[in-house]
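Asks: Based on the sequences and whatever the hints tell you, model everything.
Each chain, letter by letter, is given below.
Protein chains: 2
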Amino acid sequence: MIQDDNISILSQVLTFWDKLESKDKNLIVDHTINTTYQQGNFYSGENDCIGILIIKSGSFRIYLLSEDGREITLFRLEKGDICVLSATCIFENITFDVNLSAEVESEVLLINPKVFSKIASKNIYAENFLYKEAAKRFSDVMWTMDQILFMKFDKRLALFLLNEISRNNSNIVYLTHDQIAKHLSSAREVVSRMLSYFAKEGLIKLSRGEITIVNETGLEKFS
Amino acid sequence: MIQDDNISILSQVLTFWDKLESKDKNLIVDHTINTTYQQGNFYSGENDCIGILIIKSGSFRIYLLSEDGREITLFRLEKGDICVLSATCIFENITFDVNLSAEVESEVLLINPKVFSKIASKNIYAENFLYKEAAKRFSDVMWTMDQILFMKFDKRLALFLLNEISRNNSNIVYLTHDQIAKHLSSAREVVSRMLSYFAKEGLIKLSRGEITIVNETGLEKFS
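One line per chain: the protein sequences are B and H, in this order.
Sequential numbering from 1 applies to the first sequence in our numbering.
Sequential numbering from 1 applies to the second sequence in our numbering.
Among the hints, erroneous ones may be present.
Which copy is meant is left open, because identical chains are indistinguishable; a pair holds if it fits in one copy or across any two.
[What the hints assert, rightly or not] Simulated pairs of lysine-lysine, BS3-like, Cα-Cα distance not exceeding 27 Å:
1. 56 to 118
2. 118 to 19
3. 155 to 221
4. 136 to 152
5. 25 to 122
6. 152 to 182
7. 182 to 155
8. 79 to 182
9. 118 to 136
10. 200 to 79
11. 56 to 25
12. 122 to 136
What the hints contain is simulated information worked out from the structure, not anything from laboratory work.
Replies: Below is the structure:
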């Protein structure tokens with residue numbers, strides 16, 4: 001059983017809360033847990049349908065995985081975001097599976113998929129909430145697809161670094177070349193080569209496990 | 001004003017029809033046209049929001065277009081299918097644009113987006129219909145993305161040819177190598193090389209503007 005502060009989060013995030021009968025509100029509350037994921041992969045869409053996540057702290061990466069182990073990051077979720085793609089078993093119309101990974105230790109509310117599904121099947125507002133959340137992620141995925149398929153790699157890498165420093169409020173990016181390659185669905189060698197180029201241009205400084213952005217304006221010219 | 005047979009199509013395809021007041025049914029009927037598109041591009045998401053399409057005959061290709069003119073086919077729509085991505089201005093949560101092209105002369109019912117949007121804003125069933133249709137296409141796009149990003153080209157081309165002959169009920173594919181390249185987001189040279197390989201393996205026969213599948217089982221081994 002979750003506590004009042006978490007019930008308050010549910011009632012804010014689930015925009016259809018006012019359209020629920022009391023017993024359905026209780027049903028959701030009784031089948032929501034407050035849990036923490038350690039850094040690392042924890043969800044494989046092919047086998048799991050853990051439920052709807054509401055992210056309280058930390059961040060998650062949602063990605064595709066190929067048979068030979070290649071990863072494509074589709075989008076990320078952070079505090080306040082909702083993940084419905086960790087409950088694709090609820091949806092009639094969604095037939096693909098994604099994987100989730102906690103990027104840091106992350107606290108979430110997790111709503112049981114069967115309970116949510118039961119409520120959505122009789123409450124159109126709850127069902128519509130699910131599909132609208134999915135549509136948001138559709139937009140995220142289309143943006144990523146556009147990036148991967150159409151954009152030149154210097155542009156993508158520059159944009160990625162700029163996003164990172166703005167996201168973290170710091171001009172240092174603590175990621176290895178290999179990690180960046182995974183984020184950009186590229187190879188480590190390609191990332192290293194382009195980073196060396198940026199470094200030679202005086203846009204960034206490279207040291208072990210970190211990249212310091214020294215000329216943001218210069219980097220923006222690429223993006 | 002559309003005729004009774006078209007109203008009957010609307011009432012079947014729009015699964016929320018029974019949940020509409022009479023005046024809203026009339027509003028939709030009054031703002032739906034029966035129209036024919038000639039073969040070719042007719043819709044650019046960046047500028048247009050023509051409305052919701054219900055395909056009566058023919059087929060459409062929905063694709064992304066890069067700044068430098070490259071195309072990526074996302075999915076196709078055929079008789080009985082509904083297209084809501086030709087009305088993205090209706091959606092709060094969809095922020096990307098696609099392009100549409102009629103592959104052959106195609107007849108459609110076209111519902112005015114402003115009228116639909118007005119109805120969806122006060123009728124949750126109409127709104128939910130939109131988002132559920134969008135979710136179907138989300139699945140299509142994810143499938144395509146998986147294909148493009150992860151699959152080896154021989155597999156993709158074999159699968160494409162098999163899909164074409166099953167779709168057209170004929171073992172001849174009337175497409176140029178350039179057209180196939182566009183469908184598969186590849187280059188003409190790559191397509192030609194792989195087709196020659198398939199021909200040498202005795203799976204297909206090549207002649208000007210057409211490809212005859214002579215060994216379907218053999219092709220299936222690649223796909």
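Asks: Next step is simple, just say for each hint if it's right about the structure.
Replies: A quick look at each hint next to the structure:
no.: 1; hint: 56 to 118; in the structure: within (25 Å within a copy, 35 Å between copies)
no.: 2; hint: 118 to 19; in the structure: both (15 Å within a copy, 21 Å between copies)
no.: 3; hint: 155 to 221; in the structure: within (9 Å within a copy, 39 Å between copies)
no.: 4; hint: 136 to 152; in the structure: within (25 Å within a copy, 30 Å between copies)
no.: 5; hint: 25 to 122; in the structure: both (14 Å within a copy, 24 Å between copies)
no.: 6; hint: 152 to 182; in the structure: both (16 Å within a copy, 19 Å between copies)
no.: 7; hint: 182 to 155; in the structure: both (16 Å within a copy, 24 Å between copies)
no.: 8; hint: 79 to 182; in the structure: within (22 Å within a copy, 40 Å between copies)
no.: 9; hint: 118 to 136; in the structure: both (23 Å within a copy, 21 Å between copies)
no.: 10; hint: 200 to 79; in the structure: neither (36 Å within a copy, 56 Å between copies)
no.: 11; hint: 56 to 25; in the structure: within (20 Å within a copy, 43 Å between copies)
no.: 12; hint: 122 to 136; in the structure: both (23 Å within a copy, 21 Å between copies)
Checked against the numbered hints given earlier, this structure breaks only hint 10.
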